[in-house]
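Novice: Reassemble the complex: the two chains are provided individually, in unrelated frames, and hints are given to aid placement.
Protein sequences appear in the order of chains B and Y.
Heads up: the first sequence begins at 2 in the working numbering, then just goes up one per residue.
Heads up: the second sequence begins at 2 in the working numbering, then just goes up one per residue.
Result set (EDC-like, lysine to aspartate or glutamate): computed pairs, CA atoms no more than 20 angstroms apart in a straight line: (1) Y:137 to Y:168; (2) Y:137 to Y:153; (3) Y:137 to Y:88; (4) Y:83 to Y:131; (5) Y:20 to B:61; (6) Y:21 to B:61; (7) Y:137 to Y:47; (8) Y:83 to Y:130; (9) Y:16 to B:61.
Simulated from the structure, these hints should not be mistaken for lab results.
If you want the building blocks of each chain, they are given just below.
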Amino acid sequence: MNCQLASESIFYQNALYRFIHDSAGAFMPCSVSHVIAGLAIMLMLVNSVLLGAALVTWLERRLLGRLHNRIGPNRWGPFGLLQPLADLGKLITKEDLVPSGADKIIFTAVPLVMMVPLVLMTAVIPFAENTMLADLNIGVLFILAVSSATTIGIFMAGWSSNNRYALFGAARSVAVLISYEVPVVISLLGVVMISGSMSLNDIVQAQSIPFLLVQPIALFVFVTGMSAELNRTPFDIAEAESEIIAGYHTEYSGIKFALIFATETGALLVVSAVITTLFLGGWNGPLENFLGWFWFLIKTLAIIFVFIWVRATYPRLRLDQIMALSWKFLLPLSLINLAITALEVFLLRDASGNLSLPDLWVMAAINVPMAILLILVMGGLFQKKVNSLPIRTEKPMVPGVPTIEVK
Amino acid sequence: MYGLAMARGLLVTLKNMTKKPFTIQYPEERVKQHPRFRGEEFVWYEERCTGCASCAKYCPLGIIKIVTSPSESAPRQGDKYKLEVFDIELQRCMFCGLCVEACPYDCLFMGSGFEQGRYSRDDMVIHVEDLRNSAKNPSTFYRPQLEQSGYDPRGGRPLTWREVGRENWDWHKREKAGLRLIGTDVNIPSEESE
Ligand code: SF4
Ligand code: SF4
Numbered sequence: 002m003n004c005q006l007a008s009e010s011i012f013y014q015n016a017l018y019r020f021i022h023d024s025a026g027a028f029m030p031c032s033v034s035h036v037i038a039g040l041a042i043m044l045m046l047v048n049s050v051l052l053g054a055a056l057v058t059w060l061e062r063r064l065l066g067r068l069h070n071r072i073g074p075n076r077w078g079p080f081g082l083l084q085p086l087a088d089l090g091k092l093i094t095k096e097d098l099v100p101s102g103a104d105k106i107i108f109t110a111v112p113l114v115m116m117v118p119l120v121l122m123t124a125v126i127p128f129a130e131n132t133m134l135a136d137l138n139i140g141v142l143f144i145l146a147v148s149s150a151t152t153i154g155i156f157m158a159g160w161s162s163n164n165r166y167a168l169f170g171a172a173r174s175v176a177v178l179i180s181y182e183v184p185v186v187i188s189l190l191g192v193v194m195i196s197g198s199m200s201l202n203d204i205v206q207a208q209s210i211p212f213l214l215v216q217p218i219a220l221f222v223f224v225t226g227m228s229a230e231l232n233r234t235p236f237d238i239a240e241a242e243s244e245i246i247a248g249y250h251t252e253y254s255g256i257k258f259a260l261i262f263a264t265e266t267g268a269l270l271v272v273s274a275v276i277t278t279l280f281l282g283g284w285n286g287p288l289e290n291f292l293g294w295f296w297f298l299i300k301t302l303a304i305i306f307v308f309i310w311v312r313a314t315y316p317r318l319r320l321d322q323i324m325a326l327s328w329k330f331l332l333p334l335s336l337i338n339l340a341i342t343a344l345e346v347f348l349l350r351d352a353s354g355n356l357s358l359p360d361l362w363v364m365a366a367i368n369v370p371m372a373i374l375l376i377l378v379m380g381g382l383f384q385k386k387v388n389s390l391p392i393r394t395e396k397p398m399v400p401g402v403p404t405i406e407v408k
Numbered sequence: 002m003y004g005l006a007m008a009r010g011l012l013v014t015l016k017n018m019t020k021k022p023f024t025i026q027y028p029e030e031r032v033k034q035h036p037r038f039r040g041e042e043f044v045w046y047e048e049r050c051t052g053c054a055s056c057a058k059y060c061p062l063g064i065i066k067i068v069t070s071p072s073e074s075a076p077r078q079g080d081k082y083k084l085e086v087f088d089i090e091l092q093r094c095m096f097c098g099l100c101v102e103a104c105p106y107d108c109l110f111m112g113s114g115f116e117q118g119r120y121s122r123d124d125m126v127i128h129v130e131d132l133r134n135s136a137k138n139p140s141t142f143y144r145p146q147l148e149q150s151g152y153d154p155r156g157g158r159p160l161t162w163r164e165v166g167r168e169n170w171d172w173h174k175r176e177k178a179g180l181r182l183i184g185t186d187v188n189i190p191s192e193e194s195e
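Here chain Y stands alone, though its shape is the one from the complex (with noise of 0.2 angstroms):
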């Protein structure tokens, strides 16, 4: 009957203000993130990252660049090209992750933050300097190795190069006996440091 049912109407927001509110006071109070987030500040490697630029033609924005000059130091052990530039423009970025996806040497992760808001566009871009220097906490999209360890980018510990890739550190020591980096001070660990 038509005033029964707006008598019903009512009861059932007089019933809603007695319930708990759904809000989350985000400042305070934060819902849990998923490890597969994919956040703003990038995690990148410098040690695996080889300039090949898979990932700057890979973003459909094109907002990545990358400039390479070859390594003086080392060529012929295998070393790889110094990365001179590497300017991710942050405020066009769509977080689709197909650079993540692209880049053949897990080198580059999403990050797992949101809270890059800034006052003025230029300050949104990250160059290589900020790469190097953020936090390591790897989101773990597109990176099964990292998901299957259980690794949590919040409140997980930071991870080193070696312990990121899909491939373990032995095989590094077979294919890569002569590897050195350049322009960083990461010494590859003897042996017995393993």
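Only chain B is shown next, with the shape it has when bound in the complex (with noise of 0.2 angstroms):
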């Protein structure tokens, strides 16, 4: 038995894949190397996922400590390093409640089903040149796909707490869900369209500039829809401590609880990621080819210090200004951008329909200036939407009750 993996396979990208595969796949059939060599990257995987999201944790708390002028978690390990570990151990050890009336076999599989589609979100990702574990073609549709199924999730854990809040945090999450998620995609659509493919490692290779300078805009409501769909702060309605204490993972406890928190902050790390190879040049550094994956780790750093300040400066929107951001601000943001995109694609590409790096730079020097302009035109026509709503007036029609007069 001599089983080497074909060159048109969707792991042939991974070198580690390829080397497992390869080395098992000598003295067993193929079907058997696959699954050796497919549970080794799965494994890595899940444990960096999840051992970046305790280290996430740790940043995050840190650095919202330092944004507020405090210090932040730092009293076990090297600068609090080892808080994680004590929080989980402290968790594990609380007791694991289920409520009376709730469905147990759904509120069990909650922390399952949404931690499965981030670990697969981060199949998709090049980490560095040849260290995805599948090069899916579709690669851009399969993490918007799969990055939505959390979602579900959130939703079982509303609807199966027998909780008043859970609901309404996942009612309210899955509102956000729906009308965030059509900028999003659309604002991608303009990456597509210059990379010419869906296949997250070709996106990396095109990015010869980063994306970041060709399509501004597209970054900006890319990083806004994300972190709605993220559930943070600005746009964490869906669990809001002051309103609905803890939304949809209000009854949850112990390791379940551990378990939807790290998936939360898990899916900031992998997103982060995802916005690193669409839009900074994924692990394209200064030095060609080399250190991939520490550039990529650099611009994942990078980002996810952004959401961090963002969390730290914006204070919590309103549901309908939630609605009103995406459907009035940002759907019109993106499909304007879409429209600038495609034109400029239609007249810049050669005759093999690709672009080259002056071309590029063409649609950096007009895409950056006009995203500044239309930001601010549009946050400008947004600010008027919002002024003009109905005010509440003094004048009772019925005595005693007041009223709400539209102008």
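Specialist: Structure, rendered in structure tokens:
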């Protein structure tokens, strides 16, 4: 039995997978060696996502502390680095409660349902050259589809908890997801158009200059939309502590809560990795094909910092404000961006449909000022709309009952 | 403008990140405490206490319990009552300081500590023995004579009962010439040792 990985396989890009598969394939059937190689890599990915999530919790708490003029956790380990471990130990030893009247099976399945899509997303992210599990030719679509699947878990949690607050949180989360999925998908179309491929590997290779410069509006819309989908402040109405306790995971305790929490911070990590891949040039760095994973890590951390920074700055929006932001601000922006990008690609591409480096620079020169202008103008328009909302007047129509008068 | 205000908000938090944190790492670092701090571990001078129980009556929570018996040694010479029980249930105390204000003989003082956490409520009750043996570093709360002398209970030396009153020592010599102390080994020093 001499089973070599075919070069057209989606796993062919991954050098480690190829190595494990080919060495196992030397003395066992192809199907078995596929399973062995897949399990080995998936084990690495799962563990790195969970460990990364733990480190991101630490980073988030430390950075939030510094942004708030505090210190943050610093008691256990150097700089408090072992704090996630302490939290985990506490959560594991806590009682694992299931509320009475809860749908036990669904309630228990939620951490898994939320965790699996997160890990699946890492399968298509190129962490460095030849270091992605599967080079899917529909990578972008896969990421979008799978990242939304986490919301099913959120809704299952809300529905099965037998708790009104949980249900409110879940309903809000689904409402936010439905509105933000539209601008997010449309914003990514520009990236796909320029790189001419949906495979994340090809997108990284197409970024001779980072798409941050070529598609600034898309980046803006994507980051905003993603922070809404991740339920992060200022869009964290799904788990708004001051309104609905903890939202959909109100009833979760013990290890289930630990898993849900790890999923949330792990999602931050993975989404930052996706943004790095799509907009910041992935593993491209100043040194040609060298230390790709290092540049990737630096860029991902920068994106995580932006998310934490935004969280530390803005107050929570109301549900109607969040909906308005999506439909009245982000959706038009992403549509305009799509139209402009389509026009530019149509005019600039050569006969074979490719864009050269000067073409990308031309696009950047047009798109960056355009982005600043559009965001400011749209923001001004959006603000006007907000100001003309109905104002409460003091003239009661029914004696004693104040009414709202629409101007 | 909408977008500019958002950017300015981001800059505010970024600027705060570069500042030194306000946090004081408590067990290692401490803020300076005011000498008038009303803390736990009351300071009580048995030599001054007459057992009048004003403190117990004035305590709004009624958590001071005093039992006295007549002193048997020298009642004729103006001796006082003997204190058998002096319990302060610290776990319910709100440190209002009314007992200290009520004490007519400047003999009860607030302490300056705040680290008396215990695992059981019973351990929180201060008994007369604890009061006798505790460190005599009185807070200057409601004791202007201490405050005027610039006394700082944290780091200052322990004060004897003769130093804390608002009267001077000569007053004692005049008014209470026959004063003798029961149940303690404190003797009134003669004039030479003054
Ligand atoms: S400080 Fe207030 S509450 Fe405490 S013992 Fe004195 S009078 Fe009672
Ligand atoms: S008020 Fe002062 S003198 Fe009277 S019993 Fe209380 S501590 Fe003693």
